[in-house]
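First to last, the sequence lines map onto chains B and G. Add 5 to a position in the first sequence, counting from 1, and you land on the number used in this note's numbering. Add 28 to a position in the second sequence, counting from 1, and you land on the number used in this note's numbering.
Because the hints were derived from the structure by calculation, they are not lab data. Note that beta-carbon positions come from the ideal geometry of N, C-alpha and C, so glycine has one too. It cannot be assumed that every hint is accurate.
[Stated by the list, open to error] Chain G is nowhere near these chain B residues, computed Cβ spacing over 12 Å in every case:
1) W41
2) W60
3) S201
4) T331
[As the list claims (entries may be wrong)] Derived Cβ-Cβ restraints for the label pairs, each shown as a range:
5) G:G121 - B:D75: 57 to 65 Å
6) B:A348 - G:D48: 21 to 29 Å
7) B:L274 - G:G121: 19 to 27 Å
8) G:G121 - B:R345: 33 to 41 Å
9) B:G332 - G:G121: 42 to 50 Å
10) G:G43 - B:T317: 51 to 59 Å
11) B:W41 - G:W45: 25 to 33 Å
12) G:S37 - B:A357: 37 to 45 Å
13) B:V26 - G:D211: 35 to 43 Å
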Amino acid sequence: MRPDGRPCGRKTRAGVKNWRVGELLSEALRDLTASWPRTLVLCVATAAMAGALAWSELATTDGILSFQRDFEDAGGNVLVASSPVGVSASACVALAERAEVAAAGAAWGGEVSEPNVAPGTMFQTQRLTTGTFEVWGAPISGVASLGIVVGSAAASEIGLTDGAPVGILGETPLPVTVVDIERRGPESQRSFLIPSAPIGRADVCWVEMDPGSVTGGEVLAQAVFADAGPDLSVRPLVRLGDFARDPLAELRNRPQAQAWTAAGGLLVLLVWLDLWFRRGALSLYRVLGTTRSGLLVLTQAGLGVVMLVAATAGVLWASATHAAATGLNATADQYLVAARTVASALALALVAGPLPALLTGGRGVLLSQLKDR
Amino acid sequence: MSLSLRDVSMRYGSGPWVLDGVDFDVDDGETVAVMGPSGSGKTTLISILGLLMAPASGSVLIDSIEAPVSEADRHRLRSVAFGWVFQTVNVLGRRSAIDNVAIPLLASGSSRDSAELAAVGALARVGLADRAADEVRDLSGGELQRVCIARALAHRPRFLLADEPTGQLDHATSVRVLDALQDLVTDSGSGMVIVTHDPQVAEICDRTVALVDGRLEPA
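Chain B with its partners taken away, still in its complex shape (with noise of 0.2 Å):
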């Protein structure tokens, strides 16, 4: 207090003395404890609101994440470079360097071979630098790289174990590696596959882009591979055809992407009726000095809490009762993105929400608004 009596205050740039930031969000929190009906009520709409959303994502997500899912094992993001006159193996390996680019192996068609363990029958042999059953999803490394790697279809068929010895092509035996490539490289499962070091031309240069990649790693491989001359081939492994899902798309299209406006829009309905409820007290604040944009932030700071910490419940009823029914747990993507549409949701109801608080006190109007209480 001033020596007279008279309170100190703070001015405003304005001039305006106003409040301090820390009593005006300890005020909202004073009157959202006071006010709690008003409070319940919001708190119950917006976590409904926000659960609503968030479950509804995690539903969509889930099948379109489990097709991309599906469509990248099976080898949505692989491309396979050809030509008839090779493609060079060394160039192929090193595409595993570049950015975007997963994994990449050069491959060589092989002769057929009677292996010394089942004299009699006949296997195709192909080699193999290491990246390509990176490629096919059974990486190799150390010793196996040194030995014979044998398709699992191959294996069963004549009884060979991981470490088994084995000669083929009239070479000293050799231990072998079993492998499973039956998504990617299904045609390679009854071959004996010998890992090999990339010197000269390639039959074929497999190479697996980071997901969302495809497009711009064809047209690297396209680059990469000019030496091979006009009837270089760069082509997916697994090509959606124009009636198949397109997943991206159908992210980008599901309902919710909108929905949030819809969400939000119906909050900010709510907030501006609780706002109607309260004008009585809102002018109060103002005839007692509070000025508008004090008046905002003290309905916003007082929003704010409450919707966030209700918007987390719904989204962790979400996510909990979502659980419940699938037997399945979301993956942090699928999180992420019923959190972008609630969060989208939750900005446009606490920025829009408060907004006629702006206009309480018009001129004339505050003494009929306390009046109307």
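Given the coordinates of chain B, work out where chain G should sit on it, guided by the hints.
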């Protein structure tokens, strides 16, 4: 040191003139009652005096200086110069008497601690020291109006503007509220304008004017 209206006129839309060339003065420490029948424009007059409303024409002068036009400047003057007591008891429900009285102090930049200290003092001056921490919904009508008086004077305004402050109170309670008002205004040296149609209220004031057909006349 005075609050004045000069040639103030006001009408709502294309309706009749509620105020028609009104001149009015109240000095620091002076108490004035404005009487008149319902609908005569008393609330409009006090709203213009307290800068809650701008007149259609004419001027509001504070210490002979014309009141500012910009809303920010009017707001600054309003929150420093005026304390309000309304006919309807306007309080924040489910909040304590201290919380209610502290609001104008907080709104003018005081810390919570100093605002609450001043609020307790103001409540003590209206005889509510023992109810200061109670929620206002537990107080009687007369106690509530005294909370409003404490709130109006807590930040020591230059002028107290009261719109039918005893309009909804019984006789005995009205007497207590008027006593509190009179004591506080005398003690603080504030000027006071009370809008009323109750002669008993007018009696406590230094002078009384009547609003008739949009013009002020000595009562």
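Hints, verified against the model:
Its closest Cβ contact with chain G, about 8 Å, brings W41 of chain B to no more than 12 Å, contrary to its assignment away from the interface. Remark: the non-interface label on W60 of chain B is consistent with the geometry, its nearest Cβ contact in chain G lying 34 Å away (cut-off 12 Å). Annotated as non-interface, S201 of chain B keeps its C-beta farther than 12 Å from every C-beta of chain G; the closest such distance is 78 Å. In this structure T331 of chain B is separated from chain G by more than 12 Å, as the shortest Cβ-Cβ distance comes to about 43 Å.
Range check, G121 of chain G to D75 of chain B: about 59 Å between beta-carbon atoms, so the 57 to 65 Å window is met. For A348 of chain B and D48 of chain G, the hinted distance range of 21 to 29 Å is not satisfied, since their beta carbons lie about 57 Å from each other. For the hinted restraint 19 to 27 Å between L274 of chain B and G121 of chain G, the CB-CB distance of approximately 24 Å keeps it satisfied. For the pair G121 of chain G and R345 of chain B, the supplied restraint of 33 to 41 Å holds, since their beta-carbon distance comes to about 39 Å.
Range check, G332 of chain B to G121 of chain G: Cβ separation about 49 Å, and the 42 to 50 Å hint holds. Between G43 of chain G and T317 of chain B the Cβ separation comes to about 52 Å, which falls inside the hinted range of 51 to 59 Å. W41 of chain B and W45 of chain G have their C-beta atoms about 47 Å apart, which leaves the hinted 25 to 33 Å range violated. Judged by the Cβ atoms, the range 37 to 45 Å given for S37 of chain G and A357 of chain B holds: they are separated by roughly 39 Å.
The given range of 35 to 43 Å is respected by V26 of chain B and D211 of chain G, whose C-beta atoms sit roughly 36 Å from each other.
Hint check: violations occur at hints 1, 6 and 11; the rest are consistent with the structure.
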